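Note that the protein sequences, when read in sequence, are chains A and B.
Heads up: the first sequence begins at 61 in this note's numbering, then just goes up one per residue.
Heads up: the second sequence begins at 273 in this note's numbering, then just goes up one per residue.
Mixed in with the good hints there might be a few duds.
[What the hints assert, rightly or not] SDA-like mimics (lysine to any residue), calculated; alpha carbons at most 20 Å apart, straight line:
#: 1; chain 1: B; residue 1: K511; chain 2: A; residue 2: P337
#: 2; chain 1: A; residue 1: K210; chain 2: B; residue 2: G548
#: 3; chain 1: A; residue 1: K210; chain 2: B; residue 2: G549
#: 4; chain 1: A; residue 1: K270; chain 2: B; residue 2: K511
[Claimed, not checked] Okay, the calculated beta carbon distance ranges per label pair:
#: 5; chain 1: B; residue 1: R419; chain 2: A; residue 2: L363; range: 47 to 53 Å
#: 6; chain 1: B; residue 1: P550; chain 2: A; residue 2: R308; range: 39 to 45 Å
#: 7; chain 1: A; residue 1: P173; chain 2: B; residue 2: P550; range: 21 to 27 Å
#: 8; chain 1: B; residue 1: S311; chain 2: A; residue 2: G350; range: 45 to 51 Å
#: 9; chain 1: A; residue 1: P337; chain 2: B; residue 2: E583; range: 50 to 56 Å
#: 10; chain 1: A; residue 1: I349; chain 2: B; residue 2: N422; range: 17 to 23 Å
#: 11; chain 1: A; residue 1: P342; chain 2: B; residue 2: D478; range: 24 to 30 Å
#: 12; chain 1: B; residue 1: E578; chain 2: A; residue 2: L186; range: 54 to 60 Å
#: 13; chain 1: A; residue 1: T169; chain 2: B; residue 2: A345; range: 35 to 41 Å
#: 14; chain 1: B; residue 1: P541; chain 2: A; residue 2: R308; range: 16 to 22 Å
#: 15; chain 1: A; residue 1: N211; chain 2: B; residue 2: P541; range: 20 to 26 Å
#: 16; chain 1: A; residue 1: P342; chain 2: B; residue 2: P550; range: 43 to 49 Å
#: 17; chain 1: B; residue 1: P542; chain 2: A; residue 2: R312; range: 47 to 53 Å
Derived from the structure by calculation, the hints contain no laboratory data.
As the structure is a prediction and not an experimental result, all values here were calculated from the model.
A virtual CB, placed ideally from N, CA and C, is assigned to each residue, including glycine.
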Amino acid sequence: MAGDIETRQKPILSVRNLEVSIRTAVGDLRATGGVSFDVAPGETFAIVGESGCGKSISSAAVMGLLPRAATARADRCEFDGQEMLTLSRREREKIRGNTISMIFQDPMTSLNPVYTIGNQLMEVFLRHKKGTRAEARDRAIFLLERVGIKNAAERMKAYPHQLSGGLRQRVVIAMAMMCGPKLIIADEPTTALDVTVQMRTLALLAEVQKDFGLAVILITHDLGIVASLADRVVVMYAGKIVENAPTRSLFRAPLHPYTQGLIQCIPSHGPAGADAPLHTIPGMVPSLIGRHEGCSFRNRCALARPECAVGEIGLTAFEADHGYRCVVPHQTLMAHWRETEGMKA
Amino acid sequence: MATPRTTPMLSLRDLEVRFTVGRRLIGRPKILHAVNKLSLDVERGEFVSIVGESGCGKSTLVKTLLGLQAPTAGAIAVNGKDLSDYSRLELAHMVQPIFQDPYSSLNPRKSVAANIALPLILSERPLPEQVTERVREIMRRVGLPQRFENSYPSQMSGGQRQRVAIARALITRPKILVCDEPTSALDVSVQAQILNLLRELSRDLDLTCVFISHDLSVVRRLSQRVAVMYLGRIVEIGKSEQIFQVPHHPYTRLLISSILPPDPEHHLPPARWDGGGPDPTNLPEGCHFRSRCASPQPVCATRLPELVDYEGTRVACLAYEPGATWKPQSTPC
Numbered sequence: 061m062a063g064d065i066e067t068r069q070k071p072i073l074s075v076r077n078l079e080v081s082i083r084t085a086v087g088d089l090r091a092t093g094g095v096s097f098d099v100a101p102g103e104t105f106a107i108v109g110e111s112g113c114g115k116s117i118s119s120a121a122v123m124g125l126l127p128r129a130a131t132a133r134a135d136r137c138e139f140d141g142q143e144m145l146t147l148s149r150r151e152r153e154k155i156r157g158n159t160i161s162m163i164f165q166d167p168m169t170s171l172n173p174v175y176t177i178g179n180q181l182m183e184v185f186l187r188h189k190k191g192t193r194a195e196a197r198d199r200a201i202f203l204l205e206r207v208g209i210k211n212a213a214e215r216m217k218a219y220p221h222q223l224s225g226g227l228r229q230r231v232v233i234a235m236a237m238m239c240g241p242k243l244i245i246a247d248e249p250t251t252a253l254d255v256t257v258q259m260r261t262l263a264l265l266a267e268v269q270k271d272f273g274l275a276v277i278l279i280t281h282d283l284g285i286v287a288s289l290a291d292r293v294v295v296m297y298a299g300k301i302v303e304n305a306p307t308r309s310l311f312r313a314p315l316h317p318y319t320q321g322l323i324q325c326i327p328s329h330g331p332a333g334a335d336a337p338l339h340t341i342p343g344m345v346p347s348l349i350g351r352h353e354g355c356s357f358r359n360r361c362a363l364a365r366p367e368c369a370v371g372e373i374g375l376t377a378f379e380a381d382h383g384y385r386c387v388v389p390h391q392t393l394m395a396h397w398r399e400t401e402g403m404k405a
Numbered sequence: 273m274a275t276p277r278t279t280p281m282l283s284l285r286d287l288e289v290r291f292t293v294g295r296r297l298i299g300r301p302k303i304l305h306a307v308n309k310l311s312l313d314v315e316r317g318e319f320v321s322i323v324g325e326s327g328c329g330k331s332t333l334v335k336t337l338l339g340l341q342a343p344t345a346g347a348i349a350v351n352g353k354d355l356s357d358y359s360r361l362e363l364a365h366m367v368q369p370i371f372q373d374p375y376s377s378l379n380p381r382k383s384v385a386a387n388i389a390l391p392l393i394l395s396e397r398p399l400p401e402q403v404t405e406r407v408r409e410i411m412r413r414v415g416l417p418q419r420f421e422n423s424y425p426s427q428m429s430g431g432q433r434q435r436v437a438i439a440r441a442l443i444t445r446p447k448i449l450v451c452d453e454p455t456s457a458l459d460v461s462v463q464a465q466i467l468n469l470l471r472e473l474s475r476d477l478d479l480t481c482v483f484i485s486h487d488l489s490v491v492r493r494l495s496q497r498v499a500v501m502y503l504g505r506i507v508e509i510g511k512s513e514q515i516f517q518v519p520h521h522p523y524t525r526l527l528i529s530s531i532l533p534p535d536p537e538h539h540l541p542p543a544r545w546d547g548g549g550p551d552p553t554n555l556p557e558g559c560h561f562r563s564r565c566a567s568p569q570p571v572c573a574t575r576l577p578e579l580v581d582y583e584g585t586r587v588a589c590l591a592y593e594p595g596a597t598w599k600p601q602s603t604p605c
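Chain A with its partners taken away, still in its complex shape (with noise of 0.2 Å):
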């Protein structure tokens, strides 16, 4: 596909233009509309977007995780060499939680209620590694303790609902480190816990990638987490990736209309105290369903223009690793970021 963001490094995770369609009962929802991206070995890489963006379901579609009426097809998935769509189930088993884990939103629901934390820590490596009962449960004692979890050996005994919603979001941590894996996906790490509670993991879950040089897929609606944590960042809006871009010059020149209002809306964004109302995005998502021509944001965009209404729009490079997916020209969309900015100021 013309103007892929090529990564300079070999990619741990290689994807090309990933569809994902689910059948309704209204006709054929297209979940994702051709995701390109690269996640280099040891980045953090950020997938941000809104409700039913399609942020979920690209990774549900690597990991062979989608739902029963959701079919995927890609030009390229490849996970370390390996095409990942075309695994069967077993050969897809022998990665996930192996050298692929995930970490999901609720620590309550990925964790089994009816077995200690140590039984489950310990049954991933059994599971994935030829590896004795002794190292399992070393290997976790190990973990929980880099997790900071204090009398590692007396918390294995624990279940679940023993543990405070952060403690339990360590534990998986924890699990998801067992086998030592190359690629994390976190989806909605910390939407679950605390705002404290939220700071410490995702503190813990950048100093854990750090030591251990993995790559970590971080799933978030949360553009203050991307910009805290992430390497890269994509943004998503109704299936497509709208802008790629290295975390700062996303944050330093957001191209895409879509990208400039989400940093607007966010509350901490602007002056403290200001009497002015918040900003935000007038109109709401399209709907999924059928096919589109043109840029699906083009009714809440305030540069629209005819053009927007027309063909595939494609992905324009401004930096050699900063492309966005819009028909106005970069200069035009510099102008309205400090237009609209300076208003707030």
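Given the structure of chain A, go ahead and fit chain B onto it with the hints provided.
Quick look at chain B alone, frame taken from chain A:
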């Protein structure tokens, strides 16, 4: 705050709500102080936010304000009259709630118009044409196009449903709106729309708003006053700008430093785990926050701090009492 000249719209005096948890055959049952000697006055037309994390008692407080939970001790007065002196109908005319999840707070089997009209029909027994007129008026007011009248909640987006919930709360023209995390189930772009709407409505309709949230960044641009709750007590209360510019209580500082701004220059602090707070059913002597505080003093273990005036805000921390010789350090996250 200073002594009010008029009767406050809402007045809580030493409010206490206790629950008995884990009752056993032998031994003393555990007592959970969900709300612990809480006093708060809210003036007519004021927008006050109450911020705290899970377990701080904010939801119990909401239930108590709505008359759904009887206080164990203390008093609540609404417009100068004790809450227990109101009939359910009278109270419904004074206080209305907006809940977190518009997916579960609306009746899925009733149309939007029927959902909105129900409180009006129950409380005022109006004529059918009056109902239609009032429903249309309030739908316009909250920004719901009239074509949604006959839609069902399942056909609407989260933001639209929350508008329906707001319309339903306002149709009886209440004086007080209690908003319990009204935007935490919504996307950011929609959240901003709903927050703006609430702010506008509270000004235009002279509503008194009590806004409950776990997220300080949400309330920053919205409220005139902010109260920070920790384990059933208010630990700091003051004007919104003051709380955000110069937070005093170490817990307020912790909450503010937990806001992640959309700024890549902002770095996460090292991951330290403070072990969380004390067991809420077995609170220690002294300050409840001291196990998480960066600079606890021996005196903090002896006495539970009360709210004292300090530079325009009220803080419950011994360091701000007259004669204290230290000031707390910011708790690193």
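Each hint, compared with the structure:
Between B/K511 and A/P337, the direct Cα distance comes to roughly 18 Å. Compliance with the 20 Å bound is thereby established for this hinted pair. For the given pair, A/K210 sits about 13 Å from B/G548 by alpha-carbon distance, which is consistent with the 20 Å threshold. For the suggested pair A/K210 and B/G549, the alpha carbons sit about 15 Å apart, so the restraint of at most 20 Å is met. Restraint check for A/K270 and B/K511: not satisfied, since their Cα atoms lie roughly 41 Å apart, outside the 20 Å limit.
Separated by about 28 Å at the C-beta atoms, B/R419 and A/L363 break the suggested range of 47 to 53 Å. Between B/P550 and A/R308 the CB atoms are about 41 Å apart, so this pair conforms to the stated range of 39 to 45 Å. In this structure the hint that A/P173 and B/P550 lie 21 to 27 Å apart at CB holds, the actual value being about 25 Å. At roughly 58 Å, the beta carbons of B/S311 and A/G350 sit outside the given window of 45 to 51 Å.
Restraint check, A/P337 to B/E583: a C-beta distance of roughly 29 Å breaks the suggested window 50 to 56 Å. For the pair A/I349 and B/N422, the supplied restraint of 17 to 23 Å holds, since their beta-carbon distance comes to about 22 Å. Separated by about 27 Å at the C-beta atoms, A/P342 and B/D478 satisfy the suggested range of 24 to 30 Å. Look at B/E578 against A/L186: about 55 Å separates their beta carbons, and that is inside 54 to 60 Å.
The given range of 35 to 41 Å is respected by A/T169 and B/A345, whose C-beta atoms sit roughly 38 Å from each other. At about 20 Å, the beta-carbon gap between B/P541 and A/R308 stays in the expected band of 16 to 22 Å. Checked against the given bound of 20 to 26 Å, the beta carbons of A/N211 and B/P541, roughly 24 Å apart, stay inside it. A C-beta distance of roughly 47 Å is found between A/P342 and B/P550, which places it inside the suggested range of 43 to 49 Å.
Checked against the hint of 47 to 53 Å, the pair B/P542 and A/R312 fails, with Cβ atoms roughly 26 Å apart.
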